Amino acid sequence: MTILEEQLESHPEGQAHHDEPRGLYLWLTSTDHKIIGKNYMYTSLVFFIIAGAMAMLIRTQLFSPNNHFVSPQTYNELFTIHGSMMLYLFAGPFAFGGFANYILPLQIGAPDMAFPRLNALSYWLYVTGGITMLLGFFTASGAAAFGWVAYAPLSSATNSPGAGPDLWIVSIMLVGFSGIFTAVNLVTTTFYLRAPGMTMFRLPIFVWNMFVTGLLILIAFPVLTAALIMLYVDRHFGAHVFSVAGGGIPVLWQNLFWFFGHPEVYILALPFFGMVTEIVPVFSRKPVFGYKGLVFATLAIAGLSTGVWAHHMFTTGTVLLPFFSAMSLLIAVPTGIKIFTWIGTMWKGQVEFRSPMLFVVGFIFVFTMGGITGVLLAAPPIDFATHDTYFVVAHFHQVLFGTAVFAGFGGFYYWYPKMTGRMFRENLAKLHFWVTFIGFNVTFLPQYLLGLKGMPRRIAEYLPADHYTTLNRISTIGAYITGAAFIIWMANMWISWRKPIKASDNPWDGHTLEWATTSPPSHHNFEKLPPIRSQRPVWDMNHPEYADWANPDGHDSSQPEKVGER
Amino acid sequence: MRSKVSSEKSITEPNVKRSRFNIKGRNLAGLALAAVSLSACNLPTFGAFRGATTQGQNELHLWQGFIITAIFVGAITWGVLFYAVFKFRRRGSGNIPKQTHSNVKWELVYTIIPVLIVIGLFAATYVSEDQIDAVSSHPALRVTVVGFQWGWKFEYPGGVTLVPNGSIYPVLELPKGETTTIKLISNDVVHGFYIPAFNFSRYALPGVTNYFDFTPTTTGYFQGKCSQFCGLYHAEMLFNVRVVSPTQFNSWLSSQQKKVTA
Amino acid sequence: MKAERGIYLIIGTFFFVITVIYFLWSGEAGGTIMLFAAAGLGIMPGLYMAWWARRMAPRPEDRPDATLAEGSGPVGAFPANTIWPFVFGIGAAFTGLSLVWGVWLAVIGIGFILSTAINVSLESRRGGSV
Amino acid sequence: MSFHKKTVGRLLVPVALGVAASVAGMALFSQGASAATLSSSSVAKGVSSVTYGGTRGSSKAPITTLKLNPSTIKLGHTLFVENCSSCHGDAAQGTSRAPNLQGLGAATIDFWVSTGRMPLADPTAQAAIKPPRFNRSQTLAIAAYVSSLASGGPPIPQVNLGAASLSAGEGLFSTNCAACHTITGVGDALADGVYAPSLYTATPTQIAEAVRTGPGNMPRFGTSNLSNQQVADIVKYVKYLQNPNDAGGIGLGHVGPVAEGFVGILIGLGALMIAGYWIGGRAH
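Chains as they are written, first to last, in this note's numbering: chain A, 1 to 566; chain B, 1001 to 1262; chain C, 2001 to 2130; chain D, 3001 to 3284.
The set of hints was computed from the structure by calculation and includes no laboratory data.
Source: prediction; values computed, not measured.
Each hint should be verified, as a subset may be incorrect.
[Stated by the list, open to error] In silico lysine-lysine, BS3-like type, Cα no more than 25 Å apart, as pairs:
1) LYS292(A) x LYS1105(B)
2) LYS348(A) x LYS1098(B)
3) LYS1087(B) x LYS348(A)
Working from the sequences, and respecting the hints, build out all of it.
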């Protein structure tokens, strides 16, 4: 049943396909959400590999005390751009630009995004922004070297002269606008392009998370852009917004930055939570456990995350400690609800450990620990002792690497057959997981101890007398193992490309609408749609005897043994 | 540049001193405090420093409470996760399991219990935070600490000023058992005044003057660092802390003051 | 439309409450303004949607019992291919780089942006893709 | 594939528009600058009133020395400790990170600090002009402190422009300075990432200090190379360059005498591209 006819003005259907561009020209001109989504993914993975290589250099520098593998200046540039690229150019765009673009319209039964040209524009702003950030390394004075947070007044023209910091500012502005446009696009698409019957409370959780992420971006990114403009004006026109000399307030930068920066953490995490919530039910062959609770937990995370920014500033002595401490502790509750929801979904299921599920379980494992150490840091006294140490580094890598890499690659493997029409080699994917998992834990668990022993973050060197050497060596070796894991992944992709195995339309017995179309989907996504009567229409279609609409609360007349278990 | 530090053997001392602290610290603290630290000292520190000040020990107790809760919660979560992972693996072709959508009872359980835990943690935090942040109105000593790129300056009463001297880091001298109020400022960029063994750090912010108290409970040498990234030589912005008995401290201070007037 | 309205109004109300609490407790201006803006982000579209939700029948995607046929018909114009977002991106990048290396780059960048504006308008008039 | 050709053709439009707009814009901005110059006619008058190599209008010494106030040494010491000592040592004796400053003289200190080059953010790149961290009195206090540690080095010069000759300065500048800074003083790249900076933000004192102390790769000109009078002449010419009379048209950023060719190529290329696009469009 064809329900969505595209209005291709003045182009008959046949001719449009005849003129279909290919190759580079397609890449430059396409407004198809699937191609833009894939472009986003490829581009962000390139940035991921570059930033990952920087991480290898950073860890190599820290392998020995008093190491001179790179100069302090180079080291500072490396960790600044490593952090900026991972946060602004990889983790966000990979999920929010890549997966959301590709999957969200498919999951709601839409032919494309609401604003296809705006979508293409945000991709190009993202690419040019990323290139702009890397350009810093090619200037005489090097890239920005003030950390990804760019604290004033270290980021002023006096303390960080040269083109590198300016390039960083411009780059983040471009990427920020890209993010805002994508957010507008996704929110609008979710509101106005759903297929008939796809009510808000039938949306897949992935769509919900992307939608909430979009709202968070709209709250957070404009603040960042405004702050960057202030910083630029300070640097070039002597505005003194952030400099004491002219009556400015340096700590205002921290307030503005973290008002963006903390929601940003959830902007990075929520899309990946969404992927996890898609993958766990499919491989457990059960619906999402506690759907509405999960939706409201997501909204609660979004709301609370905007009220916790100053927990990054506990040690400034200028913020209201109890308020931010309470809000930060509270955010553990909806996050905990999510974790228990995933476990509840697996509970009494038929959990199958194909590679996407393996990555997701790895994610839950890592993220639980990262989340719990986050609760520790929400207490100001504990933060006084561990702030800006490797304890924090380990904490946020567990959270962010956990989400962006474990959940991200779970999602990547999960939707890879849909996006390419090919399967990957399952054994290599599993090997990829195990090597990543071991490497990751070997890298970051020692960093908790390093932090407790008082190793500050962002130091280019440490002393032999500090007794940090052994733990740092373990961590560095772990980093190399993690790096090696991505060679396995690249090999897998290469083999899948050269010796393709055709994937079926629905290789995982998926639940949501993207599995109702072909692999890869046709130009306007759907030739026909199944009727949408529940949160997982494709499951209902394939398993009519277990269809959700027949027993919306899990009561199934064909399975009388369920009685008594609600 | 690096040779200057290895020449300073005393840096390794904190570890030695820390192991001795149990005995020495209790000798000096009051009875009530001894009772608290007795019970707390029997707990492991979970990797953290014992805290060489009353404020630091207060932090340690909060840390111990938090990490025990964390281990407890983490163990339950991981336990449930692993149970689910191993117990509910698909075996054979696998039947389709019961399609459970929700269970309000369990959802309430895993919402309310975390809320209760959070309330408990917040109450503990609030109490501890008030004590750690308290600034005495009549401290025995006031020291002004200036963070600059890339070093620390300590200003004692009577014009005594300690700065990095060539190859030697400055030493912050503190009297044991007495409360010292530190006034922390910076004139250039943000620095982090961090003494790991005191379980404490605070930003030196341009435009903001921060005050906080240290009441050391044990003598010895401790490391101090800059925790907030402050530019090129951030890693080498170090200092040392030496806690001595009040009499030793007074003779040290008067000898320094004589040097100033001389 | 009712669900969408609800989400926005919940967000707006939440932030409004937080704004009041934060302002009364801390009296700090920066955070209060940002939180207030966040409240506005929820309340403004929320009220707009509430206005519409009262005046229109539920759309097919709002009704759980809607059939697919109810949504048939054109959903909008979706350009297949167009170079102009790319050109605009180049222009924006040049304009951005002018902040680093000099005003003359902005002049080139604005050239690109203007030509995008002209050509996208023409493209819409001509109808569809380039 | 008519599709591609058509679009490639249309792609030329933004490029041509961009190029044409950029030329127009550069012309506009340069025009603005030169208009400002014309209004400050005192400089222009200076050109006509100076007789080539002739007598000076004033009998005052061309360069006098700034006396530093010894009472500022204490403030200078505090500032030095907090801002300079972690690299130069607490008594400016130098460390492995940065050189000894003792005996370099007040002019050196004043030059590096007042141009914002010091404190340095990144020692791997050439020190760049940036907003100075200190105001004038703080800078002089630091200079007073450092010069109090050891004698030697040039003092801070004060240039009396009234006693200087613009035309003599032009000659001296083209002989001694233009090779690196270019004849318009806009600065130029040298080898290995080193560059001669633009002189457009320099004050008379800073110019004279640079001549006398030779910062970075710049040669040092002692009184045997250039007399005080000659230095003052050069300063006067550089001050003129900062606000020149662009006779004959627009300055085009003072990139040098290639301006006309530059414009010709840009406009010519733009016109050719538009023509090519037009012909291509007709051929279809």
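task = Go through the numbered hints given earlier and state which of them the structure violates, listing their numbers in rising order.
result = Failing hints: none at all.
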